[in-house]
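Chains as they are written, first to last, in this note's numbering: chain Y, 21 to 377; chain G, 17 to 380; chain V, 746 to 890.
Hints are supplied without guarantee of correctness; some may be wrong.
Under the rule of at most 25 angstroms between Cα atoms (straight-line distance), these lysine-lysine pairs were calculated in the DSS-like manner [to be verified]:
1. V:K824 / V:K803
2. V:K803 / V:K783
3. G:K54 / Y:K326
4. G:K378 / G:K359
5. Y:K341 / Y:K328
6. G:K359 / G:K112
7. Y:K131 / G:K66
8. Y:K341 / Y:K326
9. Y:K328 / G:K54
10. Y:K131 / Y:K326
11. G:K50 / Y:K328
12. V:K783 / V:K824
13. G:K63 / Y:K131
14. G:K54 / Y:K131
15. G:K378 / G:K317
16. Y:K131 / Y:K328
17. G:K144 / Y:K52
18. G:K50 / Y:K326
To be clear, the hints were calculated from the coordinates, so they are not data collected in a lab.
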Amino acid sequence: MSEAEVLQPSSTLDLGWMDRQGEWGIRAVPGKQGLSLADIQIGSYGEPEERSDNQTGRPRGAGARPNSYRIGGYAVMSKSEIWLDNASFLYEEALQRQWSSATDVPWHTIKPLPDDIEEAECQLATFFTEVEFVAGDVPARWIASTTPDFFEPRQCLLAQVMDESRHMDVFRKRALANGGGLMQTSGGTAGVVGSIDLARDFTEMSSRLHISGEGAVLTMFRMGELMAYNEAEKAMYRLCAQDEARHVAFGVMHMRYMSETAPQRREEIQCYLDEAERQILAGSQNPAGTQTDSSEALAILLGGGKDKYDEGVRKLIAIRKRQVQEYIKRVRSTGFGDRFDNGRSQLIRTFDDHAAA
Amino acid sequence: MTDKTDDKSPPQPPPPQTAPPQTAPPQPAPPNLKWMGKTHQWGTRVKPGKHGLRLGDLNVGIYGEVPPVWTDQTRAPRGAVSRRGVPPLGYAIRDKVDLWADSAADMYEEAIQRRWAPAVDVPWSTVKPLPDDVERSICQVCTELSQYANADVESVTYWQSQMAYGYHEIKQFLATVSFDGARHMEVFRKRALCNGGGLGLEGPGEVNRMILESRGGWTEAVLYLFIVRGLFTQTMYRYLHRYAHNDAERTIFAHCLEDKARHLTYAIDHLRYAVNHQDDQNLILQQLCFIGERVLVRELKDVVLREALTIVFGNGISEAEEGGRIFRRMMSDYITRYLATLKWLGVERRTLFPEELSAYLKAS
Amino acid sequence: MAVFPSVQWFDAVRGVFNADESYQGGGGGACNALMGLKIAGQSFLVTFEGAECSAAVKVQDNDLAAADYILEMSYADWKEMIQNIATNGHADLHHTLNTLDLGRPEGLSHSMHGDQYREDLFFRYNQTMQYFFDASARVATEFME
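Could you build the full structure based on these sequences and the hints that come with them?
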């Protein structure tokens, strides 16, 4: 029968581990904005190597044990697969700009609306409740399969999962707060939304999710703020748009990093952007494209009622054009803007054709 | 520190476009509007209460009907009208008994209300130089706690993405758990790197592996993650708070304690639900405990964490005897709480409980 | 009483904004941006660093190239917005920054550098920018003739 090991006085402590720790003498100093992740990127604890060999889940820079259990099998082991230069900054920003859908949205300002407006608002809310957590589930899978040596981008993705959870929640609340209810789902698991699930590479996933998908949703949130009928909706959409803009920023900075460090993947990434733009051209963002339930709802809200649908569509198209312009500028910002100058992308021509009229 | 990539020159403005041919603007197509009127329950008006409009408040009428099995394989929100013909997404966890806890919605809202940011909410300036042995020990403890948090994050995010949408309260709560894990990973790393120290030696990792290898489903992962290891972590936080060397450490461990308490509330609530709604679940948990406790015992044989905690509690190698007594008291508290929790859940542990663990109860 | 626009006016708003902790919650918080403003032929740069609006300076037009984004409207539109905020304690449904940006054909926010990543800071920190201008409700404001 073995007993618990009872420690004897100090002379019998092993203490050999004290000689096997990581780099010593580190003194990170808090800056004006507290002690941030960037502040602790010092010495060997700074940026990771290009390739990780960490299969035990140890913190980056910790002393390694030869007999530690391997827990990894991580799919993402190369920095260029996931890195972005300002991940730690985006994470700290996300932490400090959290909000509560329960208490930071002035729900008491919601008053009864005309039936068609309420239905449109609830249809839109149903759509957002459905699709927002795609952007929660999918990053979650990638977090679990990324080595902790690249914890900075992982932290950003963890913040995104939290943000999307809050979005899923706030739109459910809106749908049920004003005499309405949830309506029909979009079935948006096909197309871009579905292909986010199917991505087998992080950059592939990020281009679809962050650049294309979240960029489009950011515009929808901004439209929501524009057409809000009360302070609650104003706050709800504005706060969601902030979060979404941060997710877009992640995607832009990752793609910029890829542009600068992985030239061998340029053509591959251009193909992902081809695909995203095909979706833009085929879908409701194209003035000539088919309108979905949610874009019809947007048009009703923008116009101010079912009887003002045409006016709403005109406003919607004008805003969509801005969305496309912003997308183009974002892609230019990533370093992949040559596609707009060499004729590869049809976006400028398609949207300018309609704008010129 | 700014977000600006200042040394990168901004992109050049695009070249001027030639004027496209003039075309008439498309007239808006008439709306379809078939979506109007499609709802299972209209007229729902949930009002904010004293604490705002909370997730649990939405469970009225059909929106609150949580079925025992969620058959929809899409992302259809509970209560929405499903669309026919949508390809399934293959969510693996679709039975309520495999994830449910009544407290999840409340814990979700509580997590958001009690959020904290290590960068600014910890008084880092109160960390002053410590004797080398103490600093090395606290850094060692922080390294292992950061590694535990990593296992938490990897486990929770893996399982969360497999849960069906009908149980959104659970998915949302687990989003807060993984976010807590991110904070813990971050804050312990920061503590290790802010006071002239560095990261310690990585942990043995066997319990991490056990958590991440939970093949039996989320309930098994909950048992290992939150009960077997989570209670151990929480007990450590309590003692580290008690024996903290400065306000920064007290703040860190106080916040982590709160976070962990929420995780444990969910875990106990879920396991209770599972035991009450699934035949022989208590026997399965008993068997899992048998396995998990032995893994824990093997990991506890490793001297590193034990010695580091001993030195922290005793405030130096020279006081290791006193530190050792405090360590044994900590272990006794952990095991007492662990056994009491399992007893409350209806999981028998009087037989075949490892002697190595029960010895802590006798020694205290 | 400070004239809008002027460094004095922006400093007064900064004072209110920095003193009110509630602006750091509810979707506010750490903000790092250089906001440019073009108002009635005058140009200003307002700096946000973390939890603080740390500076407001009057600059030459071409100095706005340093801004992450520039907010520009006619003086009449600026005046209407500030007066609306003063009347209601905060911008009403038709006078929030995002509404003004999307509701006007020429928009409100743009930049001289064309980098959408930096222009997107207007969206990322929109609540903070809204809080900043809403803080002007507590500043006695005089307008130019």
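Hints, verified against the model:
1. Distance restraint check for V:K824 and V:K803: the Cα-Cα separation of roughly 18 angstroms lies within the 25 angstroms cut-off, and the hinted pair is therefore satisfied.
2. Restraint check: the Cα-Cα separation between V:K803 and V:K783 comes to about 10 angstroms, which is no more than 25 angstroms; the hinted pair holds.
3. Our distance criterion of 25 angstroms between C-alpha atoms is met by G:K54 and Y:K326, whose separation comes to about 16 angstroms.
4. Distance hint between G:K378 and G:K359 is fulfilled; the C-alpha atoms sit about 19 angstroms from each other, no more than 25 angstroms.
5. At roughly 20 angstroms between alpha-carbon atoms, Y:K341 and Y:K328 fall within 25 angstroms of each other, so this suggested pair holds.
6. Restraint check: the Cα-Cα separation between G:K359 and G:K112 comes to about 23 angstroms, which is no more than 25 angstroms; the hinted pair holds.
7. Taking the CA atoms of Y:K131 and G:K66, the gap is about 19 angstroms. The hint holds against a cut of 25 angstroms.
8. Annotation: proposed proximity of Y:K341 to Y:K326 holds, straight-line Cα distance about 23 angstroms (limit 25 angstroms).
9. Straight-line distance between C-alpha atoms of Y:K328 and G:K54 comes to about 21 angstroms, which keeps the hinted pair within the 25 angstroms bound.
10. For the suggested pair Y:K131 and Y:K326, the alpha carbons sit about 19 angstroms apart, so the restraint of at most 25 angstroms is met.
11. Among the hinted pairs, G:K50 with Y:K328 is consistent with the structure: their alpha-carbon atoms are about 17 angstroms apart, no more than 25 angstroms.
12. With a C-alpha separation of about 13 angstroms, the suggested pair V:K783 and V:K824 falls inside the 25 angstroms cut-off, and the hint holds.
13. With a C-alpha separation of about 11 angstroms, the suggested pair G:K63 and Y:K131 falls inside the 25 angstroms cut-off, and the hint holds.
14. Our distance criterion of 25 angstroms between C-alpha atoms is met by G:K54 and Y:K131, whose separation comes to about 22 angstroms.
15. Between G:K378 and G:K317 the CA atoms are separated by roughly 18 angstroms; this keeps the pair inside 25 angstroms, and the hint holds.
16. At roughly 21 angstroms between alpha-carbon atoms, Y:K131 and Y:K328 fall within 25 angstroms of each other, so this suggested pair holds.
17. As the CA atoms of G:K144 and Y:K52 are separated by approximately 19 angstroms, the hinted pair is consistent with the 25 angstroms bound.
18. Of the supplied pair hints, the one linking G:K50 and Y:K326 holds, its CA atoms being roughly 13 angstroms apart against a limit of 25 angstroms.
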